[in-house]
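*Asks:* In case you want the letters, here they are:
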Amino acid sequence: MISQTSRVLLNLSKNNGLKRVASNYLNRSVVSTSSKTNGIRSFSSKVNEIKEEKENFQYTNNLEVQELKHYIPCYTIMNQEGIVQSPEQDPNFSKEEVVKMYSTMVTLSVMDSVLYDVQRQGRISFYMTSFGEEAIHVGSAAALEMSDTIFAQYRETGVFMWRGFTIADIINQCCTNEHDLGKGRQMPMHFGSKKINLQTISSPLTTQLPQAVGSSYAQKLAGEKSCTIVYFGEGAASEGDFHAAMNFASALSTPTIFFCRNNKWAISTPSKEQYKGDGIAGRGPNGYGMKTIRVDGNDIWAVYNATKLARKITVEEQRPVLIEAMTYRVGHHSTSDDSSRYRTVEEINHWKEGKNPITRLRNYMDRKGWWSDAQEKELITEARQTVRDSLVVAEKQFKPSISEIFTDVYHTPTPNLIEQQQELLEHLRLYPDEYPLNQYLDSDKILKNN
Amino acid sequence: MLSSILKKVQPSLNNSVRIVARSYSTGNKEVTVRDAINSALDEELARDEKVFVMGEEVAQYNGAYKITKGLYDKYGPDRMIDTPITEAGFAGIGVGAAMAGTRPIVEFMTWNFAMQAIDHIINSSAKTHYMSGGKVYNPIVWRGPNGPPTSVGAQHSQCFAAWYGQIPGLKVIAPFSARDHRGLLKAAIRDDNPVVCLESELLYNYKFTLTPEEQDKDYLLDIGKAHVEREGTDVTLVSFSRMVANCLEAAEALAKEGISAEVINLRSIRPLDVETIVKSLQKTNRMVTVEEGWAQSGVGAEIAALMMEHAFDHLDAPVERIAGADVPMPYAMNLENAAMVQTQNIINAAKRVCYRKK
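Protein chains in written order, with numbering that gives the first Met the number 0: chain P, 0 to 449; chain V, 0 to 357.
The hints are simulated quantities; they were obtained by calculation from the structure and are not laboratory data.
Be aware that one or more of the hints could be misleading.
Claimed, not checked - Derived lysine-lysine pairs resembling DSS-like cross-links, with alpha carbons at most 30 Å apart:
#1 P:K376 / P:K354
#2 P:K398 / V:K134
#3 V:K49 / P:K193
#4 P:K193 / V:K134
#5 V:K49 / V:K68
In this text, all values refer to a predicted model and were calculated from it rather than measured experimentally.
Construct the complete structure from the given sequences, taking the supplied hints into account.
*Replies:* Below, the structure written as structure tokens:
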């Protein structure tokens, strides 16, 4: 782009007398000695200053091709048996708090099972489960404050639940009824809520990363003591937007937590084919000069500690942190995917049974004597009932009002939108029996009033 | 039609058109379009601390075209931000910053470079308000030079009015005069919607006179309202941005031949002021649209279709579109001149729709 720009400027200079501007521009990478002319800021002093800065590397007469030698270790403190190997690192939550965390994880898992089947029955069009990643959701969410803004990819439902997004909120959105906060405008799983400070999820992959940098930059400008956390998968990190966001966050020094859920599969592409080198974390320190933590994503306490520390750094030092949480996508990518076509049941079971994050926390609770099989049974039964009841209620609600088709395109509707709306209403008044108007909120009122 | 344009290409009547109005009262002030944009940015930065400017070279270097001259010294690095060279990056950051309650002004060095960032503009910026159920706003001004300058070849010489004009959720302005640039840009910065501001690099040096009212720090124009730059009775010339100058020039020449041309400056591509265009057609019954971009699915195509829908019975001749030749812009100057709209093309078209022989 530089060369294009230079050429544009050179050519433009022929036209509008900006020749000196263009030549200054071109000389910038070289030391410019041109004096201040045309009132244009001189860059020469700045370039000199940079030259005097001490370089961070040493010169060597040893011709050595550099290779990846040191892999970033993965921080973990609790094993699958629920034993916290270094007890001083146990965040030591109270029984009530741990039960709440565990209940959220189990409820998420139960809801995922039911709604996955509901999609198969054709009652909702699409769904994405979070099986295997429950510890990441609850562990990271518990380390954040409500003033922290969330930019999510799509597989972070547990984060929203921890912040107070209810099962009914989720199901209303999936059923796109009158209570859907998004007014029925997005496909299922694309939640957004001011109440829990969650920016609306958007389908194009990785666009949330630079947007999160912008959001945290605004927080920085406003002098807020909060950060923006942005979740993404290891596959999303292959998009150009990942580089743009990481580079900007570093250069602008924004309070952003980049939270990568490395679940080993991007739909059917295994992480082995997604990248070479030391995963996503490996790009942080050397590539972008960014503080980085790699963490065991199935260990809720490790995720909590890592996120808590990252939050402290972002807020206090006003600089970004990258977290790579190592985990496994136990479920299919979405209801549009069948993962049995590209991976083995043995592989899935290795993670589902051998490294299950819910079982790990359950073992921790068992050791403390905080949980019983009876309580487990009750929790699952109750969660399943809540999901089913919410679904039955949600399906009976009105669909969003017809008038909402035309609202919110702009802050105030433009003339062509008003015209379209009137045409639609006139048409519906003429042929009311041809449409299922009774399914939509306030149809009678709207057709009468306008 | 396009081949006919190429055949009829003649050198422009005057390559360096300047609309210079004399100032009669002491309150009037002659400024360039560059100064007009600069003053609009300056006033809005001063008015609202949520406003900031971001883009390549906008701060310390004062902008590749010196649009932001002096603003870095005045507002500092927090509100005048030089970014790394990643259009997708700073476009995305603009979207996020707007979601978080600021009012970014994102400058693209030219709109050609914005293609690297178009997903953020269309899929995020334009749709956020609707997709969030009306809860999140995206008050961004996306601005930069649009349309062909000269001698910069195919990849730097194109008009994006039709591209962005198609997107619900975006407002698209294409100012012409200094007054337009001030009034529309200031309105865009205060607007709660994303606004695409298509400037013209060739207009930056044009000089116009601003009245005291137009110099006021609260001078705003309605986005979505066209302006009749010159009244006439025989034919309507509809255009936007730099081509308005060519239309005015054509109208002047046509007047000498006894044809009274009305010139409409659209000012806004979306929303489009259909009412003003229809009213003019009802008066003149003949219309020529003029744009620098390509004809297919262009702004002129849209206007022609609208005239058929709204005023078919008033048309005494088919609407004629004058547009850039249907080829990537050639670099060689003679070919470039042949591919770009010249005033003579407009004059010829006006005569054709008036059924006048040469």
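*Asks:* Does each hint hold? Answer for all of them.
*Replies:* Now the hints, each set against the structure:
no., hint, result
1, P:K376 / P:K354, "21 Å, holds"
2, P:K398 / V:K134, "19 Å, holds"
3, V:K49 / P:K193, "20 Å, holds"
4, P:K193 / V:K134, "8 Å, holds"
5, V:K49 / V:K68, "20 Å, holds"
Of the numbered hints given earlier, the model fails none.
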